[in-house]
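Residue numbers (the numbering used here), protein chains in the order written: chain A, 7 to 125; chain B, 21 to 672.
Because the hints were derived from the structure by calculation, they are not lab data.
Note that beta-carbon positions come from the ideal geometry of N, C-alpha and C, so glycine has one too.
One thing to keep in mind: the hints can contain errors.
Claimed, not checked - Per label pair, the in silico range of CB-to-CB distance:
(1) B:Leu558 x A:Lys118: 50 to 60 Å
(2) B:Asn501 x A:Lys118: 53 to 63 Å
(3) A:Phe41 x B:Glu377: 28 to 38 Å
(4) B:Glu377 x A:Val93: 45 to 55 Å
(5) B:Thr392 x A:Val93: 55 to 65 Å
(6) B:Gly515 x A:Ile107: 20 to 30 Å
(7) B:Asn658 x A:Lys118: 21 to 31 Å
In case you want the letters, here they are:
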Amino acid sequence: MKKILIVDDEISNRDILVKVLKKENFETFEAVDGFEAIELLRGTQYDMVLLDIMMPKINGFNVIKHIRQELHSSIRIVMLSALSDEVSVDKAMNLGADSYITKPINLPNMLKEIRSLLH
Amino acid sequence: MKSIKTRLLLTFILVGITPYIFVVGYFSYWEKNKIIQRVKQDSLLQAKHAEKIMQNALISLEEEMSFLSKLEIFDDMISNDTDLQISRLLEKKSIKAGRKYLKLYSINLEQKVIASSEIKSINEMFGMGETDLKKRVFIQGSDIYIVKEVHASFDESHLGYLVAILKMDTLNTYLLSDEHVRYRINKIVQKEETTTENKLFYTGRIGLLNVLNGYEISYLVDKKKSLDSINDFLYYLSIVTIFGLLMIIYISGKLSAIVTRPIYALKETAKMIVETKDFHLRIQTQSIDEFDELADSFNELFETTGILLEKLKLENEVRLKNYIGLSDTFNAISQSDSYEDSIALSLRAMRRNLACEISIDTIDTNSIQKLTMKDFVDNSEKFVGYLNVKNADSLNTQEVIFIESVVLMMKNHLERISLIEKINSASSAKSAFISAMSHELRTPLNAIIGYSQYLITYEEMSDEQVDSIAKVETAAYHLLNIINDILDIAKIEAGKIEKKIENTNIYDQLEEAMDITQALVEDKGLRFIIDIETIKELKILSDKKIFKQIIINLISNAIKFTDDGYISIAALLSKNTLEIKVQDTGVGISSEDLSRVFDEFTQLENAKNAKNKGSGLGLSLCKHLSQEIGATISISSNGLGQGSSVTLSIKL
Numbered sequence: 007m008k009k010i011l012i013v014d015d016e017i018s019n020r021d022i023l024v025k026v027l028k029k030e031n032f033e034t035f036e037a038v039d040g041f042e043a044i045e046l047l048r049g050t051q052y053d054m055v056l057l058d059i060m061m062p063k064i065n066g067f068n069v070i071k072h073i074r075q076e077l078h079s080s081i082r083i084v085m086l087s088a089l090s091d092e093v094s095v096d097k098a099m100n101l102g103a104d105s106y107i108t109k110p111i112n113l114p115n116m117l118k119e120i121r122s123l124l125h
Numbered sequence: 021m022k023s024i025k026t027r028l029l030l031t032f033i034l035v036g037i038t039p040y041i042f043v044v045g046y047f048s049y050w051e052k053n054k055i056i057q058r059v060k061q062d063s064l065l066q067a068k069h070a071e072k073i074m075q076n077a078l079i080s081l082e083e084e085m086s087f088l089s090k091l092e093i094f095d096d097m098i099s100n101d102t103d104l105q106i107s108r109l110l111e112k113k114s115i116k117a118g119r120k121y122l123k124l125y126s127i128n129l130e131q132k133v134i135a136s137s138e139i140k141s142i143n144e145m146f147g148m149g150e151t152d153l154k155k156r157v158f159i160q161g162s163d164i165y166i167v168k169e170v171h172a173s174f175d176e177s178h179l180g181y182l183v184a185i186l187k188m189d190t191l192n193t194y195l196l197s198d199e200h201v202r203y204r205i206n207k208i209v210q211k212e213e214t215t216t217e218n219k220l221f222y223t224g225r226i227g228l229l230n231v232l233n234g235y236e237i238s239y240l241v242d243k244k245k246s247l248d249s250i251n252d253f254l255y256y257l258s259i260v261t262i263f264g265l266l267m268i269i270y271i272s273g274k275l276s277a278i279v280t281r282p283i284y285a286l287k288e289t290a291k292m293i294v295e296t297k298d299f300h301l302r303i304q305t306q307s308i309d310e311f312d313e314l315a316d317s318f319n320e321l322f323e324t325t326g327i328l329l330e331k332l333k334l335e336n337e338v339r340l341k342n343y344i345g346l347s348d349t350f351n352a353i354s355q356s357d358s359y360e361d362s363i364a365l366s367l368r369a370m371r372r373n374l375a376c377e378i379s380i381d382t383i384d385t386n387s388i389q390k391l392t393m394k395d396f397v398d399n400s401e402k403f404v405g406y407l408n409v410k411n412a413d414s415l416n417t418q419e420v421i422f423i424e425s426v427v428l429m430m431k432n433h434l435e436r437i438s439l440i441e442k443i444n445s446a447s448s449a450k451s452a453f454i455s456a457m458s459h460e461l462r463t464p465l466n467a468i469i470g471y472s473q474y475l476i477t478y479e480e481m482s483d484e485q486v487d488s489i490a491k492v493e494t495a496a497y498h499l500l501n502i503i504n505d506i507l508d509i510a511k512i513e514a515g516k517i518e519k520k521i522e523n524t525n526i527y528d529q530l531e532e533a534m535d536i537t538q539a540l541v542e543d544k545g546l547r548f549i550i551d552i553e554t555i556k557e558l559k560i561l562s563d564k565k566i567f568k569q570i571i572i573n574l575i576s577n578a579i580k581f582t583d584d585g586y587i588s589i590a591a592l593l594s595k596n597t598l599e600i601k602v603q604d605t606g607v608g609i610s611s612e613d614l615s616r617v618f619d620e621f622t623q624l625e626n627a628k629n630a631k632n633k634g635s636g637l638g639l640s641l642c643k644h645l646s647q648e649i650g651a652t653i654s655i656s657s658n659g660l661g662q663g664s665s666v667t668l669s670i671k672l
């Protein structure tokens, strides 16, 4: 079973993702902000991280930066953000994200993307 | 126009010549007549003198004859004997008179010559014809006859006559005549004057009254000779006249030159000054007092003008220097973008151009002005500082104006910086608002849509439940669309839309837009009718994404209001315009609604009834986006139920 870390400060957002991904046979883990995410990423090997951007303490961009530059990890990073502007998309992709999905999430499309990345 | 010199010359000549001509005229006419008159009088005197001489000569001759006739010797005449004695006496008398042509005859009553100064004629008849010997003196032929009766000394009986014949030609011997004056004795005629010869000028008359009544002596004077002096006088007068006239003209020329020379000197100096702009030139003074004064006045004028010009030039240089300094300063100040730089530049400019200590401080030491500015960020009057100037009293007006200008410029620029700060902060506030709105509105929608999809996909629900949840999902997506449109418009209005104008293949963008909307068209059972082949190769300068979004929006809108039929997309290329026409067979628009379809939040009555409600922002957003790429958008419809047609026009 693939391990997916869900990082989002909004509980309802995490809840939906956990529910859906479990149904789709993924092992899910949760972090409520960037700081907690980095802590978890240090200790555990995940297959993918679903990462929000606007979070307290450490934002999503800095989490990508930490993963790629500090941990030197090639873990799949899929951004899930309400920021739909090009500047944010480009910034995330340039920092090393693998995909960028804007909220509100279209679940079928998201699952398609996750599967293709983990294939 | 006549020059002063010419006028003066003419005046002088006129003044000189008029009296001269008068004098010459007087002499040549009036004096001439006088001289002629005098010559005549002289001649007359001479003639009178001659007459006197003549008369005396004749009278003495007559007296002599009288004396002779009374001599006793003549008593012999009675005897009619030729008396040689008498003849000898007569001859003696004739010779004594020294007159060769004086002939003396003694004749008897029978007019027989009994004695004569020429002895050979004795006994001849006295050749006088019928001449009346009783006359005392008479003229016959060219001879003067003087006759005296001879009476006997004893009884007074008439014995005969004693006759003296004097040839008239010999009269000249009594008178002094020369080649120019001649005398002649002739009978008095009624003519006043007689010119016998052309060369003779005058004929005078003297009656020989006592001796020869009815005769006169004419004296003839050579006219030419007598008038020689007058002719000479006139000849010399004419020479003097010509010489005099020449002298007058020459002197007039000299005089007018002397009078006008100073004026020419003045003119030349003024001309030189105009040409060389050298106000140091001066008029050389002459010896004419009035001109000296005039020249002095002009020289003074030149000097004053020169000084004034020099002063003006210096002032202009200062003014230009100030002006350049000021514009340099303004340029520097206007380019500074902070309060500190602006103030520092202003101070530097003032210090460089003025020789006084100048500063802007928070405390008032020698302030000439308290500087404040309007702070646009918090709409207050902000204190900048005191403009302290040491020795402010020594500043001249120009320098004060300079300081005021710089300070005003500085103040204006400080306010401009403040205004820019305010605008920037307002703009960033708007951007932040848009960004926050976008995030905050999407987050709850994410939950709604997410749970709806989860329920429908993974939970066991009745058809009725699935239907309800599906409606929630649809409504959520509708709300999302509205939010997206509002945010797009807000972005455009805030100027936050990012544009990238480049060479764009319109055909490709239209294809992509149709690809994206293909599924929606198929879902509603509609079809595309496409006519865009003519612009397959056309590239224009535009923003790809904005153009594509406009087309997608127009197609989406058309789909929304069309239940059956087709959506046609056509490209129409003319000389300088490209038109993209999106036409549908949908509900159409009434003519009264056509004008307001581009207004925000406009939903038409028939559109509200449509299955897919619009946000009322679609066409408004298209209009905003069109403006961003310099295109115009228009809509037309043949009325309700007749479909509608939207045209996007792009200037090439």
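The hints, checked one at a time:
1. The hinted range of 50 to 60 Å is not satisfied by B:Leu558 and A:Lys118, whose Cβ atoms lie roughly 36 Å apart.
2. In this structure, B:Asn501 and A:Lys118 break the distance hint of 53 to 63 Å, their C-beta atoms being roughly 22 Å apart.
3. Checked against the hint of 28 to 38 Å, the pair A:Phe41 and B:Glu377 fails, with Cβ atoms roughly 59 Å apart.
4. Between B:Glu377 and A:Val93, the C-beta spacing of about 52 Å keeps the proposed range 45 to 55 Å intact.
5. Range check, B:Thr392 to A:Val93: about 41 Å between beta-carbon atoms, so the 55 to 65 Å window is missed.
6. Between B:Gly515 and A:Ile107 the CB atoms are about 29 Å apart, so this pair conforms to the stated range of 20 to 30 Å.
7. A beta carbon spacing of about 44 Å between B:Asn658 and A:Lys118 contradicts the range 21 to 31 Å that was offered as a hint.
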